[in-house]
Every structure is written in structure tokens, then in C-alpha cells.
Amino acid sequence: KNQVEQSPQSLIILEGKNCTLQCNYTVSPFSNLRWYKQDTGRGPVSLTIMTFSENTKSNGRYTATLDADTKQSSLHITASQLSDSASYICVVSARTGGFKTIFGAGTRLFVKA
Amino acid sequence: NAGVTQTPKFQVLKTGQSMTLQCAQDMNHEYMSWYRQDPGMGLRLIHYSVGAGITDQGEVPNGYNVSRSTTEDFPLRLLSAAPSQTSVYFCASSYYRGPADTIYFGEGSWLTVV
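Quick note, the sequences are listed as chains A and B, same order. Heads up: the first sequence is residues 1 to 113, going by our numbering. Heads up: the second sequence is residues 1 to 114, going by our numbering.
Extracted from the complex, chain A is given alone in its bound form:
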């Protein structure tokens, strides 16, 4: 069964600190993995997209890694800011005729001053 599991479910960090969010998936055959940021009351916004051949992708203070062998991805946030408080969603697409997309439940990040 195609699944995307994210951990932790929620996380509280102090402003300025770094953090890493995890995503494990069983989606097959793998096509690509995306990370989205969803602010409270808003729609998800794309942070990164990685295909099978990519193992790291950066977007400002956000760095995503992908290990396609172990089917794991992480999102590292450097020097966190209050505006980083949001849910971070891992999304994995499978190449199955069309493109089946599975969404993780997200990690809720709280950055405190």
C-alpha cells in the first residue's frame, strides 16, 4: 500500500535554532517527492521538488534530502524564524499510468521567540 509517514507529528523550537523533519514513504514506483509549507488557514505552498536522481535540494533556509534506497526524506530548516511556524507536508508521487500523489499528514512546527 502506498503510504507517506511524517515525524514528528509536532515540534516546538526556539527562534534561531535548526530543526529536521522526517518523511518515510512506501510509494512505488517512485516518481518524485515534494515538500510543502502550509500556514494556518492557507493553502499549501511548494518548497522543493526532487526526482529519483536528486538527493538534495535547497530553497533559502530550507534544505530537503532524499535517499531513494531507504525511501526516506528530510527537511532541514536553518536559523528558524517565527514565520516558519506552519505545517510541513511531504508529498510523494508514483508513476502509475498517470501520476498518483500521496500526501503525508504533515508536521506541525511551532517557532517560539
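FYI, nobody ran anything at the bench for these hints, they're computed from the structure. All of these numbers come straight from a predicted model, not from anything done at the bench. For glycine and all other residues, C-beta sits at the position ideal for the given N, C-alpha and C. Any given hint might turn out to be false.
As the list claims (entries may be wrong) - Beta-carbon label-pair distances, calculated as ranges:
1. B:P83 - A:T56: 36 to 46 Å
2. A:R61 - B:K14: 43 to 53 Å
3. B:M41 - A:R61: 20 to 30 Å
We have chain A; now place chain B onto it with these hints.
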């Protein structure tokens, strides 16, 4: 730039009522879709369309209808609302060139069925 526009933002319905959630995009995207987001769960695909006149069911289509008469618009109709349809609904769009196309989401529609 408008992007993906959803209306209404909030709606309360009584059980058995019908309504339509509107979605429009101004990016000339072929692919449009509707998702629902429930607490503790990932977004789940309701219906999708790969172009005008073409629609198909997603993971949780029961109780919902869609149509795609134009490239820009993709309304979602609730036929007879049930409390289980209380959720946040997101419309999304993208090009349909390949798996790495960026998906753009609307701001969401909060629906409560009482």
C-alpha cells in the same frame, strides 16, 4: 496574479442541502483537482481533470460531482451534504507536462455540515 481562486471561504450547510464550491485558475493549467483535508490526515484526492471536458474520480469521490466546461473553472458540487463532508476543501492546478510540475493550491474552503 490571482493564481487559484476558491469561493466561498466559509460555508455552513444543513444535512441534505446541496452546494457548489467554485474554483478558477488563470495560469492556463490543464490539470485541476479537488482535495479534502481532515485533521490528522493527509490531503485526499476527490476528483481531478486533465483538461476541459475530461474528469475522473480520485480516492474519495462519493457524494461529490465535478465538471470541466472550460480550462479555467473546475466547480465541486456536493449533492446532498452529510456531516462526514465537514472538512477543508482545496482546489489545485498544474501543468500536465510531467511529474515534477509544481502544484498550486487555492486558499481553501471551510465547510461545516450540521
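Hints, verified against the model:
1. Judged by the Cβ atoms, the range 36 to 46 Å given for P83 of chain B and T56 of chain A holds: they are separated by roughly 45 Å.
2. Hint check: R61 of chain A to K14 of chain B, Cβ distance near 46 Å, so the stated range 43 to 53 Å holds.
3. At about 28 Å, the CB distance of M41 of chain B to R61 of chain A agrees with the hint of 20 to 30 Å.
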